[in-house]
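Novice: Below, each chain spelled out in residue letters.
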Amino acid sequence: MAIYDEENNRLTIKLVYYGPAMSGKTTNLMRLHDILKTDLKGEIMIMETTNDRTLFFDLLPLGFTTSSGLLIKFKVYTVPGQVVHDSTRKAVLSRADGVVFVADSQLSQSINNAQSFENLEDNAGRVGIDFDGLPLVIQYNKRDLNNIISETEVQERWQQAPWPVTFSNALNGLGVIETLQALLKQVYDALDTEFMFLQKHNLTQDAFIKRLIGDYVIH
Amino acid sequence: MTIEQDLSFDHEFTLKELLTGVKTEKLLQALTACLDSPVRILNIKNECLFSSETTDFTAIKPAIKTPIYGELEAIAYLEAHSDQEKLQSAAQLLQLLLYSNSRYLMASDLHIQTQRDDYEELQRRHAALEISQENYKNLAESLDLRVKQQVKTIENAQIKLYENEKLASVGRLAAGVAHEINNPIGFIRSNLSSAQSYLGSFTKLNDAFKADASISYLRQLWQEESLEFLQEDMSDILKESIDGVDRVSAIVKDLKSFSRVNDLAEEDANINEIIRQTCHVSAPQLKDKLQIILDLGDIPHIFCHPAELGQVFLNLILNAADATAEKGKIRFKTQVKESNLSIEIRDTGNGIAESDLPHIFEPFFTTKDVGQGIGLGLTVCLNIIKAHHGSLTIISKQEKGTLVTILLPITHKKD
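Residue numbers (my numbering), protein chains in the order written: chain A, 1 to 219; chain B, 1001 to 1415.
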């Protein structure tokens, strides 16, 4: 649920990278920080334990000001993937406006992916998010590895689902922007009715995405 | 959408919040020293939040200001008499401090939030557990009650079976006894019929007398009717009938004690007499299968329930009969041993298996076929002997026989 702060004319949109442990959520965020050419790009706040596991969350603040003077601020979070941190995951997921589910493509991880996705669905319910109306993208990460699930199989598996599926190698940045783009499309549509981006702020979907991403050319 | 800013860990922090734990006086002192100028920190509406001076130093000499950024946007201004480069460096330093503090604040707020959520979740689970515990408790209580009711029902059924068992052995006697009574009644009936027909002959003679018949006619009639024979035979059949009636009355007398199995009357009685009576009534039942040998010593009367002790002896005789395949013996021996009355009942039946011995007094334990016994015979015996403050022990060897020893204290009726 995006928060509009009238006093500062600021709209804060919360995006969350969800998924099983070690699937590459933090890596996604780090690449976004590297690649994105947003007007306002804050420091990436990474809170990890000694062995590369996210303890609380990671946060990348981004933003731009529309011609109408509205500051649209994006807070992009990752959740801790480990099963034990469920309360933290719930707190971070709370009020999310969009979610990227980062799945691990390795064949050995299919059960973890499924459990984590189920956990996302459960937690969304617990924090009062209407899961069916939630902007969501499924990202299959680590496409560079061997022993991974084939793209055909992934497409077949998610054929019936309403969410777009993307493929990525977050380590070298492949597919990271495409994923965010797919999410932003949905987020724009979901928030446009309430905040009247086009009518009030003359902000089209394309502009909304471009202002955040910059002149990135999709490969 | 405007949402009231709550305690969520990811809310927008104000400058004040970001300076939590920082001593502003010291901060201002440090900034003043670095910039070699008095400093002010303004909010984004240019209102002074903190100042190193008590008076407005910018009124005297114009100062320059530079924004201090939070996550993305300016959240405050730093103002001083300084050059832009120095001021920006100081602002950078301040931003680093704020950034580091925001990291800490978010982590700690998130920690508090999850702790609170976990605690609430725990309380919910605890409440749910308490409800479920209450349900189990209720279930356990009602279960207890239901079990008690069932136990009561079973106990009642057992008491009924136990009472039935007392009568069952008596019932077994009925067939034999009926036969024993039927036999004399048969010949008594036949004798009385003969006597009735004999009476016709005497009536004829009597009529002749009344009609003043001649002596020769009377003599002829006397011979025709064989009245001499009738007289003799009549005497015989009446004697036989009286014997038969005596036999029936003896059986009835013996049986009487058993017809009062539930009679609780206690009296001074002779155990030898009870044994004899029991043997009499059970004799027809045993036919030729079991030979009863009585070795009854000189023993005093004791205060007891004769009917109940009769039941004990009857049960033991019937057990011995059941344990005897073709022909066997049962010997009753009574004597005084120390201050007790000792009754030994030894049979030559097939004995009790060693594995069964520990169970023979348990209610409903039986080795007999279904319908032959419900396994209460010895239980009844033991209970009766215990009620007499006595003891009952059984020694048995398979294929050899069984020895039952009953010891009863010698007591008398208290006046």
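Think of the hints as simulated: they come from the structure by calculation, not from any bench. Any given hint might turn out to be false.
[To be verified] Just the calculated beta-carbon pair ranges, DEER-fashion:
1) B:A1140 / A:G133: 43 to 51 Å
2) B:T1024 / A:Q82: 36 to 44 Å
3) A:G133 / B:Q1088: 30 to 38 Å
4) A:D206 / B:D1056: 28 to 36 Å
5) A:S110 / B:L1145: 15 to 23 Å
6) B:Q1088 / A:E7: 23 to 31 Å
7) B:E1085 / A:D34: 22 to 30 Å
8) B:T1024 / A:D5: 52 to 60 Å
9) B:L1145 / A:L107: 42 to 50 Å
10) B:G1021 / A:N146: 45 to 53 Å
11) B:S1108 / A:D5: 19 to 27 Å
12) A:L174 / B:Q1088: 58 to 66 Å
[To be verified] Beyond 10 Å from chain A on every Cβ pair, some chain B residues (computed):
13) T1054
14) Y1099
15) R1103
16) E1225
17) K1239
18) E1240
19) K1287
Just so you know, even glycine gets a beta-carbon here, dropped at the ideal spot from N, CA and C.
Novice: Indicate, hint by hint, whether the structure satisfies it.
Specialist: Evaluation of the provided hints:
One distance hint, 43 to 51 Å for the beta-carbon pair A1140 of chain B and G133 of chain A, holds here, with the actual separation near 47 Å. Between T1024 of chain B and Q82 of chain A the Cβ separation comes to about 39 Å, which falls inside the hinted range of 36 to 44 Å. Checking the proposed 30 to 38 Å range against G133 of chain A and Q1088 of chain B shows it is violated: the Cβ atoms sit about 45 Å from each other. Range check, D206 of chain A to D1056 of chain B: Cβ separation about 49 Å, and the 28 to 36 Å hint is violated.
Take S110 of chain A and L1145 of chain B: their Cβ atoms lie about 53 Å apart, and the range 15 to 23 Å is violated. Checked against the hint of 23 to 31 Å, the C-beta distance between Q1088 of chain B and E7 of chain A comes to roughly 27 Å, which is consistent with it. Taking the beta carbon of each, E1085 of chain B and D34 of chain A are about 29 Å apart, inside 22 to 30 Å as hinted. At about 25 Å, the CB distance of T1024 of chain B to D5 of chain A disagrees with the hint of 52 to 60 Å.
A hinted range of 42 to 50 Å is violated for the C-beta pair L1145 of chain B and L107 of chain A, which are about 58 Å apart. Range check, G1021 of chain B to N146 of chain A: Cβ separation about 50 Å, and the 45 to 53 Å hint holds. Under the hint 19 to 27 Å, the C-beta atoms of S1108 of chain B and D5 of chain A, about 23 Å apart, fit the expected range. Separated by about 38 Å at the C-beta atoms, L174 of chain A and Q1088 of chain B break the suggested range of 58 to 66 Å.
T1054 of chain B, annotated as away from the interface, keeps every beta carbon of chain A farther than 10 Å; the closest lies near 30 Å. At the 10 Å boundary, the C-beta of Y1099 of chain B falls inside the reach of chain A, the nearest C-beta of that chain being 6 Å off. Distance check for R1103 of chain B against chain A: the nearest CB is about 6 Å away, which does not clear 10 Å, and the non-interface claim fails. Every beta carbon of chain A lies more than 10 Å from that of E1225 of chain B, the smallest distance being close to 121 Å; the non-interface claim holds.
Annotated as non-interface, K1239 of chain B keeps its C-beta farther than 10 Å from every C-beta of chain A; the closest such distance is 108 Å. Under the 10 Å C-beta cut-off, the non-interface status given to E1240 of chain B relative to chain A holds; the minimum distance is some 104 Å. Chain A leaves K1287 of chain B outside its interface by the beta-carbon criterion, the shortest separation being 83 Å against a cut-off of 10 Å.
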